[in-house]
Structure formats: C-alpha cells, structure tokens
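Starting from the known structure of chain D, arrange chain E on it as the hints suggest.
Taken in order, these protein sequences are the chains called D and E.
Every letter in the first sequence is one number past the one before it in the working numbering, and letter 137, counting from 1, is 122.
Every letter in the second sequence is one number past the one before it in the working numbering, and letter 30, counting from 1, is 15.
Rather than coming from a laboratory, the hints here were simulated on the basis of the structure.
Honestly, I wouldn't trust all of these hints.
[As the list claims (entries may be wrong)] Just some of the chain E residues that point at chain D, by a computed CB distance under 10 Å:
id, residue
1, ALA3
2, VAL10
3, MET74
4, VAL83
Glycine included, C-beta positions come from ideal geometry on N, C-alpha and C.
2 protein chains.
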Amino acid sequence: MIKKISHIAVVVPNLEEALGFWVEVLGLPLAHMEYVPDQGVDVAFLPAGESDVELLEPVTEDSGVARFLQKRGPGMHHICFEVDDIEAMLARLKAANVPLINEEPTIGTGGKKIAFVHPKGTGGVLVELYESTPEEPMRRREKLVEMRRRLREGRRVYTAGIRAFLAGLWGNGDKSD
Amino acid sequence: MIKKISHIAVVVPNLEEALGFWVEVLGLPLAHMEYVPDQGVDVAFLPAGESDVELLEPVTEDSGVARFLQKRGPGMHHICFEVDDIEAMLARLKAANVPLINEEPTIGTGGKKIAFVHPKGTGGVLVELYESTPEEPMRRREKLVEMRRRLREGRRVYTAGIRAFLAGLWGNGDKSD
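The following block holds chain D by itself, in its conformation from the complex (with noise of 0.2 Å):
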C-alpha cells in the first residue's frame, strides 16, 4: 500500500543556484543534504508538508542522473512513494508484467530499501518505490558528517550562505570533529 509522496525529484546542474530559487526565494526549509556515491549525486532535501522536494546535481560524469541532465536537461526526474511493503508491492508489480529496474529491492543505510520501476510501464513517469526503517533517519548525522568532509577535503565547494546552512544542520555539537 502507497502510504504517501515521499520525493519530488529535480535534477539540477549546479544545487547552490538552485537553492538559491527553492530555500531562498520560494521559502522552503532546507532539511538535509548528503552525497549518494552510488548514484554519483549530492542531494539536498527541502520538505514542503509531509513529502520533500529532493534536488540531485550530478557530481559525476557517468551516472543516470548526468546523463538525464545532458539529454533532457534541468527539470523533475522522479517520484518516490512510500509503502508499507516494497516486497508485496514488487509483487504486485510483476504480477502485472511491469517492467522493473530493480527486480528486487536495493538495500540503503539504516535498512532502507528502494526499487525503481521503469517509465515504459508507468506511462513515462520513473517511479521509486522506498520502504523506511527506524533506524534510517538515525543515520541522516552520519551523512551529513559525510558531506561535511567532502567540503573539507575540496571535494565540494559552497559559499558561505550554504556552509552556514549545513552548520546549522550540524549544529553546535560537531563542530569540533
């Protein structure tokens, strides 16, 4: 059963620019941000009610959200449900003969698990599927430690109006570390 929205994808070239429209003029509160190795994206999300807008800028030149930005060019990517069960709703799925990108369901941190099912059977919409864990949100602080090292390895550079968003994010717990 889909419980809610849980993302509106955008993919965007450059996601400081881009949260300059969403956080600074549109008024939307940047939640959290974090960096997606297997997808080769930092990730902002920006939660408008009980689902977020979730911006991707593709941080490598080799993944399926560059290649959608170099093909299609800015714009919305995907839209992840929330389920209660992701196995009965792939099931469902194949039941139906709807193609599926993810036969099964990828494992992320905390035990969250994602499938994506393909646009061909969905009638052109990427569709992700995404079951929560408890443990999941307890993990955001790990990632955001994550992206805090990427800026200060250079990996990422922001201004300050983002570092001091991410600062705030961090709190004043870490700042030492």
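Using the frame of chain D, we list chain E on its own:
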C-alpha cells in the same frame, strides 16, 4: 508560505489506460474526476497521503497540455504547491525577478486561486501555486455531475470499469438525475 505539495501532474494520452496502472496496479484510490474546459483536459485525482497524483488527458488539440504531449511525450508535467497566501508568494517571486506565466492569480471554481511560474525561473520545473478556499471542496459534486453529463452525451466514453468508479464517486443519491 508553502503548506504542502498539492499534486504532481502527469500527462497521459489515455486516462483510462493510465488508471489501469495507477489505480488497478499501484493501488492508489480514484477520488475525483473532472473536465477542465479552460485547459482542455479531463483530470483524475488519486490521493497519496496528503497530496494527489493528478492525471491529465488532453481532449482538445490546441491546449498547452496537448502540445506538451506531442512534443515531450507522456510523463510528469508540473508540481503544484498549496500556499497560504498566493498574492504574497507572487510578490516574492516578482521581487526576485522570477518569470511568471500568471502575473495575477486565476480564479477557479469555488474561488480557488492558481498561478503558474515559468520553468525558466525555476530550473526547468513548471510550478503551480494554489490557494484553496473553504467553498472549493463543495463544488466537487457539481464537477462530477458535469463529468456524468459528458458521459451521457457520448462526449467521453469510458469502459464499464471506469463508469463503476464514477458511479461510486457519485453515490446512489444522484442516480436519478
């Protein structure tokens, strides 16, 4: 201020086939359907948590949605945010020189207000802003009656499955009119 994602709009070439996937396979409920003459579309609303997936089928050949379908194919069309004060949001966007499709809100049924922001100003995403009114939900029934009239006049043909969905939405009390 943005309250939530009101809906994600998906353009489809055939509403009935699309409902076959989104409702029958994915399991989203069909909560409402209406015909929007201004935009030349038949629309179905499928709630997922506090937001809707909005399926749009162009039923005239000269609408913006019809041109989108011809040019880009089926897929995600726009994201709509519900805001508490649409005039205040439009003023913020104008102050930031964000190009708008609607400089002033369009007033819909029940007094609801909507305005579109140009994708040039958002990084490739067509953004709709929406402010509801207390009267608006009460107008839904009128729109369902109009949809049924279209069915009876043969301007729109659905299979038995969709007619049954619609009959369920209308309820028994309206069957005689």
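(message) Under the constraints set out in the numbered hints, which ones does this structure not fulfil?
(response) none
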